[in-house]
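Participant: No gaps in the numbering here: position 344 of the sequence shown is 344 in full-length UniProt numbering, and each next residue is one more.
The set of hints was computed from the structure by calculation and includes no laboratory data. It is possible that some hints are incorrect.
Unchecked claim - List time: in silico DSS-like cross-link candidates among lysine-lysine, alpha-carbon distance up to 25 Å: (1) Lys397 - Lys334; (2) Lys311 - Lys405; (3) Lys33 - Lys136; (4) Lys337 - Lys397; (5) Lys170 - Lys200; (6) Lys33 - Lys69; (7) Lys451 - Lys311; (8) Lys170 - Lys117; (9) Lys200 - Lys291; (10) Lys136 - Lys337; (11) Lys400 - Lys337; (12) Lys374 - Lys452; (13) Lys334 - Lys374; (14) Lys311 - Lys374; (15) Lys136 - Lys334; (16) Lys170 - Lys136; (17) Lys452 - Lys311; (18) Lys403 - Lys311; (19) Lys374 - Lys397; (20) Lys117 - Lys73; (21) Lys374 - Lys405; (22) Lys374 - Lys403.
Claimed, not checked - Listed next, with one range per pair, are the computed distances between beta-carbon atoms: (23) Asp370 - Val308: 25 to 33 Å; (24) Ile71 - Pro236: 49 to 57 Å; (25) Ser271 - Val308: 48 to 56 Å; (26) Gly442 - Val308: 17 to 25 Å; (27) Leu276 - Ile71: 25 to 33 Å; (28) Pro287 - Pro236: 29 to 37 Å; (29) Phe361 - Asn257: 46 to 54 Å; (30) Asn330 - Asp78: 45 to 53 Å.
Quick caveat, the model's predicted, so the values are computed rather than measured. By construction, the Cβ of each residue, glycine as well, lies at the ideal position given by its N, Cα and C atoms.
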Amino acid sequence: MQHPNNYCSNGRLPGPTIRVQEGDTLLVHVFNKSPYNLSIHWHGVFQRLSGWADGPSMITQCPIRPGCKYIYKFTIIDQEGTLWWHAHVSFLRATVYGALIIRPRDGHSYPFPMPYKEVPILLGEWWNTNVFDVEKLAVATGAAPNLSIAYTINGWPGDLYPCSGNQMYKLKLLQGRTYLLRIINAALNHELFFKIANHKLTVVSIDARYTEPYVTNVVVSAPGQTVDVLLTADQPVGSYYMAATAYASADGVLFDNTTTRGVLAYDGAPSSTTPLMPVLPDFNDTPTAHKFYSNLTGLVGGPHWEPVPLKVDHEMLVTIGLGLEPCPVNTSCKGPKLSASMNNVSFVRPTSLSMLQAFFFNVNGVYTTDFPAKPTIEFDYTNASINNNIPMLFAPKGTKLTKLKFNSTVEIIFQNTAILGVENHPMHLHGFDFHVLAQGFGNYNPATDRKKHNSINPQMRNTIAVPAGGWAVTRFTANNPGVWVLHCHLDMHLPLGLATAFVVENGPTPETTLPPPPVDLPQC
Numbered sequence: 001m002q003h004p005n006n007y008c009s010n011g012r013l014p015g016p017t018i019r020v021q022e023g024d025t026l027l028v029h030v031f032n033k034s035p036y037n038l039s040i041h042w043h044g045v046f047q048r049l050s051g052w053a054d055g056p057s058m059i060t061q062c063p064i065r066p067g068c069k070y071i072y073k074f075t076i077i078d079q080e081g082t083l084w085w086h087a088h089v090s091f092l093r094a095t096v097y098g099a100l101i102i103r104p105r106d107g108h109s110y111p112f113p114m115p116y117k118e119v120p121i122l123l124g125e126w127w128n129t130n131v132f133d134v135e136k137l138a139v140a141t142g143a144a145p146n147l148s149i150a151y152t153i154n155g156w157p158g159d160l161y162p163c164s165g166n167q168m169y170k171l172k173l174l175q176g177r178t179y180l181l182r183i184i185n186a187a188l189n190h191e192l193f194f195k196i197a198n199h200k201l202t203v204v205s206i207d208a209r210y211t212e213p214y215v216t217n218v219v220v221s222a223p224g225q226t227v228d229v230l231l232t233a234d235q236p237v238g239s240y241y242m243a244a245t246a247y248a249s250a251d252g253v254l255f256d257n258t259t260t261r262g263v264l265a266y267d268g269a270p271s272s273t274t275p276l277m278p279v280l281p282d283f284n285d286t287p288t289a290h291k292f293y294s295n296l297t298g299l300v301g302g303p304h305w306e307p308v309p310l311k312v313d314h315e316m317l318v319t320i321g322l323g324l325e326p327c328p329v330n331t332s333c334k335g336p337k338l339s340a341s342m343n344n345v346s347f348v349r350p351t352s353l354s355m356l357q358a359f360f361f362n363v364n365g366v367y368t369t370d371f372p373a374k375p376t377i378e379f380d381y382t383n384a385s386i387n388n389n390i391p392m393l394f395a396p397k398g399t400k401l402t403k404l405k406f407n408s409t410v411e412i413i414f415q416n417t418a419i420l421g422v423e424n425h426p427m428h429l430h431g432f433d434f435h436v437l438a439q440g441f442g443n444y445n446p447a448t449d450r451k452k453h454n455s456i457n458p459q460m461r462n463t464i465a466v467p468a469g470g471w472a473v474t475r476f477t478a479n480n481p482g483v484w485v486l487h488c489h490l491d492m493h494l495p496l497g498l499a500t501a502f503v504v505e506n507g508p509t510p511e512t513t514l515p516p517p518p519v520d521l522p523q524c
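Sequences are here, hints too, so could you generate the full structure?
Facilitator: So this is what it looks like as structure tokens:
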């Protein structure tokens, strides 16, 4: 399954797992030995006063050029659990990623029984071609990118693929022991169902936020999300498959309809034993996905729990969805290109200076702060008839941001649209976690849907899977100065323009003011 033009980290796929404790300061030396520009994002890390280390290219830094290096320095503050790191330029994230495990400080413990062993489970995608060229071809032709040919568990595709034989992840279990599986969806473009035959899983954390224990036989995760589950080896000695396959919410859209699997082998199980296979949900089983996503709740009073801010300073209704844009002249593009937008603005990254540099040095002309707080045109958002209104399919391009006062509270109601079809969109916010107050289907109706808000023990996440043809209500406090991007974590949608960003002003003290950039910050 190896391809010479797909790049990995330290010669591994996945890349090395970084294990730290809450309160640790990390210095990560990144040497770019690939022929492409790249940067590394520390997905879910707050980066309190260290926005220069967040990593998204042209947002907080210019990319690291081939043959060059950059030292990322940041401190893990008020976070425990499973996060991860990945390339944040083009499709390079497909093979440049790894786990970031944050354990409690010395003298502190998990809010659940200590597991016998902790095991990262990284779910990925694989192309048998250069992933950089996959995106390049899609951009040139205006079409959707070629699909992956396999999913992987910890870099291994499993025995259902003819090209991989017995290249499969295997985990040995001791009967009666409990294991903490740290599941990371590192796939580029697919949400995934994950099951283990004949075993229940207890969710105890999501996106490095502790939850009330939630027992389930299936986990659903969107690209960018992490789910920590307790697995007790309470079945008869034998072998059991773990398996992952796509949750594809968009009707009529092609997807990688394959299944990856690994094996849980109990100690003492004969090697000749045929593992039991779990029954996976159908690819379009939205009820199962929504039940999992919406039933999780926060662990009130647990480590790093934060109450919901009740006073809202900045309210936003943000439509998210696909669209079209005209083909550039004198190109191989045929017909309108795929595009994407938020509130009818299709995001364009700067090319000469990162937005964080423009903020710090007060440089004009890199971005504007006029991103609309609500749709510029109101319509029946989830009604497919909108596709008959051709002008509505084309959103103008722009680098429009929202300026926020330090410590202000922001409520974002994400609303999926039916333009080119409804789809579940995983929206990732850099620099913060948000409370997820409610989720539902159809058009958000404040008169009725506000009654569904959970202000007592809502889940907290850095990546929310907004239901297909539906909405999600989130809230966060802008207590971290800098520039923080909000974007869809389906990698084929970010370059299409499904993004925006927040400019959080400095606070009143040196402890709430963004420091100068490091001297080795890459230049454009």
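Participant: Decide, hint by hint, whether the structure agrees.
Facilitator: Taking the hints in turn, this is what the structure says about them:
Straight-line distance between C-alpha atoms of Lys397 and Lys334 comes to about 20 Å, which keeps the hinted pair within the 25 Å bound. With a C-alpha separation of about 14 Å, the suggested pair Lys311 and Lys405 falls inside the 25 Å cut-off, and the hint holds. About 20 Å separates the Cα atoms of Lys33 and Lys136, which keeps this hinted pair within 25 Å; it holds. A distance of roughly 13 Å separates the Cα atoms of Lys337 and Lys397; the hinted pair therefore holds under the 25 Å criterion.
With a CA separation close to 19 Å, the supplied pair Lys170 and Lys200 stays within the 25 Å bound. The hinted pair formed by Lys33 and Lys69 meets the criterion: a straight-line CA distance of about 9 Å does not exceed 25 Å. Between Lys451 and Lys311 the CA atoms are separated by roughly 16 Å; this keeps the pair inside 25 Å, and the hint holds. Between Lys170 and Lys117, the direct Cα distance comes to roughly 15 Å. Compliance with the 25 Å bound is thereby established for this hinted pair.
For the suggested pair Lys200 and Lys291, the alpha carbons sit about 16 Å apart, so the restraint of at most 25 Å is met. Distance restraint check for Lys136 and Lys337: the Cα-Cα separation of roughly 13 Å lies within the 25 Å cut-off, and the hinted pair is therefore satisfied. Among the hinted pairs, Lys400 with Lys337 is consistent with the structure: their alpha-carbon atoms are about 21 Å apart, no more than 25 Å. For the hint linking Lys374 to Lys452, the alpha-carbon distance of about 21 Å falls within 25 Å, and the restraint holds.
The suggested pairing of Lys334 with Lys374 is violated, with an alpha-carbon distance near 33 Å, which exceeds 25 Å. Only pairs whose Cα atoms come within 25 Å are accepted, and Lys311 paired with Lys374 is accepted, the gap being roughly 19 Å. Distance hint between Lys136 and Lys334 is fulfilled; the C-alpha atoms sit about 15 Å from each other, no more than 25 Å. In summary, the hint linking Lys170 to Lys136 is not supported, as the alpha carbons are separated by about 35 Å, beyond the 25 Å threshold.
Taking the CA atoms of Lys452 and Lys311, the gap is about 17 Å. The hint holds against a cut of 25 Å. Annotation: proposed proximity of Lys403 to Lys311 holds, straight-line Cα distance about 18 Å (limit 25 Å). With a C-alpha separation of about 17 Å, the suggested pairing of Lys374 with Lys397 holds against the 25 Å cut-off. Taken as a hint, the Lys117 and Lys73 pair is broken in the structure, with Cα atoms around 29 Å apart against an allowance of 25 Å.
For the proposed pair Lys374 and Lys405, the alpha carbon gap of about 19 Å is at most 25 Å, so the pair holds. Between Lys374 and Lys403 the alpha-carbon distance is near 15 Å, which keeps this suggested pair within the 25 Å criterion. Checked against the hint of 25 to 33 Å, the C-beta distance between Asp370 and Val308 comes to roughly 29 Å, which is consistent with it. The given range of 49 to 57 Å is respected by Ile71 and Pro236, whose C-beta atoms sit roughly 51 Å from each other.
Hint check: Ser271 to Val308, Cβ distance near 52 Å, so the stated range 48 to 56 Å holds. The given range of 17 to 25 Å is respected by Gly442 and Val308, whose C-beta atoms sit roughly 24 Å from each other. Here the CB-CB span from Leu276 to Ile71 is close to 47 Å, at odds with the stated 25 to 33 Å. Checked against the hint of 29 to 37 Å, the C-beta distance between Pro287 and Pro236 comes to roughly 31 Å, which is consistent with it.
For the pair Phe361 and Asn257, the beta carbons lie near 49 Å from each other, so the given range of 46 to 54 Å is met. For Asn330 paired with Asp78, a C-beta distance near 52 Å keeps the hint of 45 to 53 Å intact.
In terms of the numbered hints stated before, the structure departs from hints 13, 16, 20, 27, listed from lowest to highest.
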